[in-house]
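J.: Top line first, the protein sequences correspond to chains A and B. Take the first sequence: its position 489, counting from 1, is numbered 489 in my numbering, and each next residue is one higher. If you count the second sequence from 1, you need to add 582 to reach my numbering.
Simulated from the structure, these hints should not be mistaken for lab results. Glycine is no exception: its CB is placed at the ideal position from the N, C-alpha and C atoms. Be a bit skeptical, because a hint or two may be false.
What the hints assert, rightly or not - Stretches of chain B that chain A covers, calculated by requiring three or more beta carbons in the stretch to come under 8 Å of a beta carbon on chain A:
#1 631-642
#2 645-651
#3 677-689
What the hints assert, rightly or not - Listed next, with one range per pair, are the computed distances between beta-carbon atoms:
#4 D664(B) to Q298(A): 23 to 31 Å
#5 P699(B) to Y580(A): 43 to 51 Å
#6 Q615(B) to H542(A): 39 to 47 Å
#7 Q615(B) to L451(A): 45 to 53 Å
#8 K230(A) to K677(B): 43 to 51 Å
#9 K677(B) to T123(A): 53 to 61 Å
#10 I614(B) to L447(A): 40 to 48 Å
#11 K617(B) to N138(A): 41 to 49 Å
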Amino acid sequence: MKQALALALSLALTASAVAAPAPQSTGSTTTTSKTSKTRKKASSQSSVNAQIEQLKQAVDAQQQQIQQLMQEMRTRDAALQQSQQQAQQAQQQLQQTQSAASEAQQKADAAQTAANEQKDTVTKLNSDVKDVQTTLTNTAVGTLEEQKRVSGLEAVLGRFRFTGDVRVRGENFFQDFSGFQDRNRARIRVRFGFEGKLNEDFIGGIALAGGSLGDPTTTNETLTNFFDRKTIGLDRGYITYHPVAHKWVSVTGGKFAYTWQRTSATLDPDLNPEGFSEKFSWDLKNRYIKNVSVQPLQLLFNEVTSGTDSYAIGGEAEAKWQLGPWTATPSFTYLKWNNPSSILTASAFAVAANNIGFTSGTPPTTTTIPAPGEGPGCAKGSASGGTGSLSSVPPCAFAPNGLTNAVFLDAAGKPHFASGFGYADFILNNTFKTGAARFPVNLLVELLDNLDAAAHPFDTKGNVLTFLGSQNKEYGTDISIGQTKNKNDIQVGYAWLRQEQDSALSSFIESDQRAPTNILQNRVYGLWKVRANTVAAFTWWHGRTLNTNLQNNAALASKSISKAGLTEPYLNRLQFDLLYSF
Amino acid sequence: MMKWLIPIFVCVVVSSAIAAQKTYDTATIIDIQQKAHTRVLYYLVNTPVTQDDPYYEVSVQVKDAVFVGEYTPRHSDDTLPDWKAGDKVQVRADKHHLYLKTPGGSDLDLALVKRAPAAKQ
Numbered sequence: 001m002k003q004a005l006a007l008a009l010s011l012a013l014t015a016s017a018v019a020a021p022a023p024q025s026t027g028s029t030t031t032t033s034k035t036s037k038t039r040k041k042a043s044s045q046s047s048v049n050a051q052i053e054q055l056k057q058a059v060d061a062q063q064q065q066i067q068q069l070m071q072e073m074r075t076r077d078a079a080l081q082q083s084q085q086q087a088q089q090a091q092q093q094l095q096q097t098q099s100a101a102s103e104a105q106q107k108a109d110a111a112q113t114a115a116n117e118q119k120d121t122v123t124k125l126n127s128d129v130k131d132v133q134t135t136l137t138n139t140a141v142g143t144l145e146e147q148k149r150v151s152g153l154e155a156v157l158g159r160f161r162f163t164g165d166v167r168v169r170g171e172n173f174f175q176d177f178s179g180f181q182d183r184n185r186a187r188i189r190v191r192f193g194f195e196g197k198l199n200e201d202f203i204g205g206i207a208l209a210g211g212s213l214g215d216p217t218t219t220n221e222t223l224t225n226f227f228d229r230k231t232i233g234l235d236r237g238y239i240t241y242h243p244v245a246h247k248w249v250s251v252t253g254g255k256f257a258y259t260w261q262r263t264s265a266t267l268d269p270d271l272n273p274e275g276f277s278e279k280f281s282w283d284l285k286n287r288y289i290k291n292v293s294v295q296p297l298q299l300l301f302n303e304v305t306s307g308t309d310s311y312a313i314g315g316e317a318e319a320k321w322q323l324g325p326w327t328a329t330p331s332f333t334y335l336k337w338n339n340p341s342s343i344l345t346a347s348a349f350a351v352a353a354n355n356i357g358f359t360s361g362t363p364p365t366t367t368t369i370p371a372p373g374e375g376p377g378c379a380k381g382s383a384s385g386g387t388g389s390l391s392s393v394p395p396c397a398f399a400p401n402g403l404t405n406a407v408f409l410d411a412a413g414k415p416h417f418a419s420g421f422g423y424a425d426f427i428l429n430n431t432f433k434t435g436a437a438r439f440p441v442n443l444l445v446e447l448l449d450n451l452d453a454a455a456h457p458f459d460t461k462g463n464v465l466t467f468l469g470s471q472n473k474e475y476g477t478d479i480s481i482g483q484t485k486n487k488n489d490i491q492v493g494y495a496w497l498r499q500e501q502d503s504a505l506s507s508f509i510e511s512d513q514r515a516p517t518n519i520l521q522n523r524v525y526g527l528w529k530v531r532a533n534t535v536a537a538f539t540w541w542h543g544r545t546l547n548t549n550l551q552n553n554a555a556l557a558s559k560s561i562s563k564a565g566l567t568e569p570y571l572n573r574l575q576f577d578l579l580y581s582f
Numbered sequence: 583m584m585k586w587l588i589p590i591f592v593c594v595v596v597s598s599a600i601a602a603q604k605t606y607d608t609a610t611i612i613d614i615q616q617k618a619h620t621r622v623l624y625y626l627v628n629t630p631v632t633q634d635d636p637y638y639e640v641s642v643q644v645k646d647a648v649f650v651g652e653y654t655p656r657h658s659d660d661t662l663p664d665w666k667a668g669d670k671v672q673v674r675a676d677k678h679h680l681y682l683k684t685p686g687g688s689d690l691d692l693a694l695v696k697r698a699p700a701a702k703q
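Looking at chain A on its own, in the form it has when it is part of the complex (with noise of 0.2 Å):
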């Protein structure tokens, strides 16, 4: 636009210098005539001066065209101007809102993409959030089924009872006679063992102890023979049925714990029965008698193929009572031993011997021979008639702690007793309240009759003590003060026992006193329950042979006197016990 208003000027400046003479044409012509001359100069002038002014006029026209030309132009450019400020400025809006639209659009893709992944992340979250709840839902799952297992397990473990103790005894024996030497031992007593209810009413138990097989009154171990380990044998195996319908029934069958009152006169506490018990025991809304019951029992301790078996048959009467603050458990058991005779005719395997020979010739010799028993073996006693002694090899007198009792050998050489066994056992088991809880007064008494004991017992040598009635009585007694049942519980007692010779067959009788039987013993004791489950025990036994004059006396049989018919020195045997059961 600007150049063409630029030649626009330039055409019309040009045609205006030619439509004007030239002044140096003007001038030659002046020199031939100067009248003429001055004359055409004025009017020439004039002309000149009217073609100025028209010039002037043109130019002012043409400066005014120019100018408005110009105006136009500055009018224009200024439109111009405005234009391309506004196209400018409509540019700026433009690449500004370009600019908007594609911050815009990577606002809207960023959000796309933020939307993108939180939809990713809610999708993760959903995933996320169903694995959760998959786990959690498994979990619970799994959590109740093993509730449940546990609770099962429970339930099965719940119906069984550990039953067990371990014991460590330090023991000394101290007697007053030339050629005695003080003996000194450390023994274990281990016994493990369970009760399960095999369903609503049976129960049953299994027990484990050590010990030698061939002594059922001791489950103790001697520390001694270089570490060897020690024996494990059946202690206990049974099953009970104790219906819930009939609480008042309980039979019992297998190798079983005691099931009735008694003492260690009769029976040793570590020796555990076989046969059969049936207790039937009601308990009563009676003022004074809380409880009565009878229970028939059949012990079964010897079964050959061909003769006759050994068995003891009876049963017991019992009631409790209580008075105020005496309660009393009196019963009276009954139990006939038949064909106890078998006792001495033991097998190699009962009595774990370790010696076994045979006898021959005339008169008759025994040959001796060595064997891995653990003992104790034959039980050495004289007998009246025939040879006079009981044989030293099986089949042999089977009586772990000493046989006391009277034997005699038949026409054929075969060993009896002297008496039959037929207990009566009236015991008195009392417990007075005191003003302490802790501190009861605890008496039992006991007196045991064999009611088909020997009218008469027999000398060392065998021969019938007219002059001595029979030898079938037992009185003990045994105080005490405290109890052991919580921990701190104290408990200290005095015992006394007179036993005569066949009150009792020595096979099974306590194994700690003096001896089975034919003694006068006592006994102090105290128990210190150290721990809920633990228990520091001490015992002094303090015992004789109640008569030396007797066939089987303790004191001939260990030389503590040197003739038949002296008093024995009293047998001091100290045992220091720790026991930790569960």
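Using the hints provided, position chain B relative to the given structure of chain A.
T.: Relative to chain A, chain B alone:
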């Protein structure tokens, strides 16, 4: 023959299923006592060394009857829920058992030792 046996069989199964359903009654706990059975662990000659085995005796009243059950814990941590006299509890009883529903929803199996009419007020 079969057309008779099938309905009979179905009736027997359905009635057995209905009979097997455990129905509970709402009972009120009257009393809870912790007692102990004294058990002889072993003898020192004739002297028994004993241990007390704790158990709970729970009395509940259902309508006009009072039931007394014994619960013997299986171990030292096994205790009764936090029940006290006056609490309501869901129970069911059979011939020799008393089942108390615990807050956890499981059944607590008590040996039913006594069943007597409730004392009239």
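J.: All the hints need checking, so say for each whether the structure fits it.
T.: Outcome of the hint check:
1. 631-642: Coverage by chain A holds here, the residue count being 4 at a Cβ distance below 8 Å.
2. 645-651: violated (count 0)
3. 677-689: The restraint on the segment 677-689 of chain B holds, since 3 of its residues have a Cβ under 8 Å from chain A and three suffice.
4. D664(B) to Q298(A): 23 to 31 Å: At roughly 50 Å between Cβ atoms, Q298(A) and D664(B) fall outside 23 to 31 Å, so the hint is violated.
5. P699(B) to Y580(A): 43 to 51 Å: holds, 49 Å
6. Q615(B) to H542(A): 39 to 47 Å: Once the Cβ atoms are compared, 46 Å apart, the range 39 to 47 Å for H542(A) and Q615(B) holds.
7. Q615(B) to L451(A): 45 to 53 Å: holds, 47 Å
8. K230(A) to K677(B): 43 to 51 Å: holds, 48 Å
9. K677(B) to T123(A): 53 to 61 Å: holds, 59 Å
10. I614(B) to L447(A): 40 to 48 Å: At roughly 45 Å between Cβ atoms, L447(A) and I614(B) fall inside 40 to 48 Å, so the hint holds.
11. K617(B) to N138(A): 41 to 49 Å: Roughly 43 Å apart at Cβ, these two residues keep to the hinted range, so it holds.
In the structure shown, a violation is registered for the earlier hints numbered 2 and 4, in ascending order.
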